[in-house]
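Enquirer: Residue numbers (our numbering), protein chains in the order written: chain Y, 1 to 80; chain R, 1 to 80.
Simulated from the structure, these hints should not be mistaken for lab results. Be a bit skeptical, because a hint or two may be false.
It does not matter which identical chain is meant; a pair holds if it fits inside one copy or across any two.
Simulated pairs of lysine-lysine, DSS-like, Cα-Cα distance not exceeding 27 Å [what the hints assert, rightly or not]:
1. K10 <-> K47
2. K64 <-> K2
3. K40 <-> K10
4. K64 <-> K40
5. K64 <-> K47
6. K47 <-> K2
7. K40 <-> K53
8. K40 <-> K2
9. K64 <-> K53
All values reported here derive from a predicted model rather than from experimental measurement.
Number of protein chains: 2
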Amino acid sequence: MKAIVHIGLKPGVLDPQGRAIARSLTDLGFDSVTGARQGKVIELDIKGNDAEKARQDVTDMCEKLLANTVIESYRIDIEN
Amino acid sequence: MKAIVHIGLKPGVLDPQGRAIARSLTDLGFDSVTGARQGKVIELDIKGNDAEKARQDVTDMCEKLLANTVIESYRIDIEN
Numbered sequence: 001m002k003a004i005v006h007i008g009l010k011p012g013v014l015d016p017q018g019r020a021i022a023r024s025l026t027d028l029g030f031d032s033v034t035g036a037r038q039g040k041v042i043e044l045d046i047k048g049n050d051a052e053k054a055r056q057d058v059t060d061m062c063e064k065l066l067a068n069t070v071i072e073s074y075r076i077d078i079e080n
Numbered sequence: 001m002k003a004i005v006h007i008g009l010k011p012g013v014l015d016p017q018g019r020a021i022a023r024s025l026t027d028l029g030f031d032s033v034t035g036a037r038q039g040k041v042i043e044l045d046i047k048g049n050d051a052e053k054a055r056q057d058v059t060d061m062c063e064k065l066l067a068n069t070v071i072e073s074y075r076i077d078i079e080n
């Protein structure tokens with residue numbers, strides 16, 4: 001089973017990486033870009049077939065290790 | 001309009017960040033995790049309403065700046 005975890009900065013949190021990307025793109029001539037935010041995706045291989053248990057486990061992983069919940073939010077997709 | 005760019009290492013490319021995540025998770029007692037890969041997501045705000053043009057522009061951005069196409073692959077989703 002696969003769990004896809006999307007982690008991004010919460011709205012309002014300053015995103016210097018995103019700003020650097022937006023600025024570099026406009027410097028390269030891509031004038032249509034008005035903003036950019038960068039997040040990360042972690043793809044986990046999980047043993048077993050219980051999607052509900054997997055979701056619970058991955059939520060625990062996010063809270064304990066994967067996300068900094070002070071400034072980041074996360075979303076979990078489970079795929080069989 | 002929003003463009004969501006998913007960038008990940010190509011299959012077979014060593015992913016030390018993913019390995020570190022998988023190892024840390026098993027060290028924390030999450031034995032169900034058998035592997036992890038880390039990628040990134042860039043969310044771009046794009047002016048205009050032409051989805052086809054936006055996709056073409058974002059493809060150019062990926063080739064020129066956002067992705068290292070030697071080792072990374074990318075996927076673009078356009079949202080209105």
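Enquirer: Determine for every hint whether it applies to the structure shown.
Expert: Checked hints:
1. Taking CA atoms no more than 27 Å apart as the test, K10 paired with K47 passes between copies only; the shortest distance there is 23 Å, against 30 Å inside one copy.
2. Proximity of K64 and K2 under a CA criterion of 27 Å is satisfied intra-copy only: 19 Å inside one chain copy versus 31 Å between copies.
3. When the C-alpha separation of K40 and K10 is checked against a cutoff of 27 Å, the pair qualifies both within a copy, at 13 Å, and between copies, at 16 Å.
4. In this assembly of identical chains, the alpha carbons of K64 and K40 lie at most 27 Å apart whether taken from the same copy (17 Å) or from different copies (20 Å).
5. Proximity of K64 and K47 under a CA criterion of 27 Å is satisfied intra-copy only: 20 Å inside one chain copy versus 38 Å between copies.
6. In this assembly of identical chains, K47 and K2 lie within 27 Å of each other by CA distance solely inside one copy; the values are 9 Å within and 35 Å between copies.
7. For the homomeric pair K40 and K53, the shortest alpha-carbon distances inside one copy (23 Å) and between copies (26 Å) are both at most 27 Å.
8. Taking CA atoms no more than 27 Å apart as the test, K40 paired with K2 passes in both settings, with 16 Å inside one copy and 17 Å between copies.
9. Within a single copy, K64 and K53 get their C-alpha atoms as close as 16 Å, which meets the 27 Å cut-off; across copies the closest is 42 Å, which misses it.
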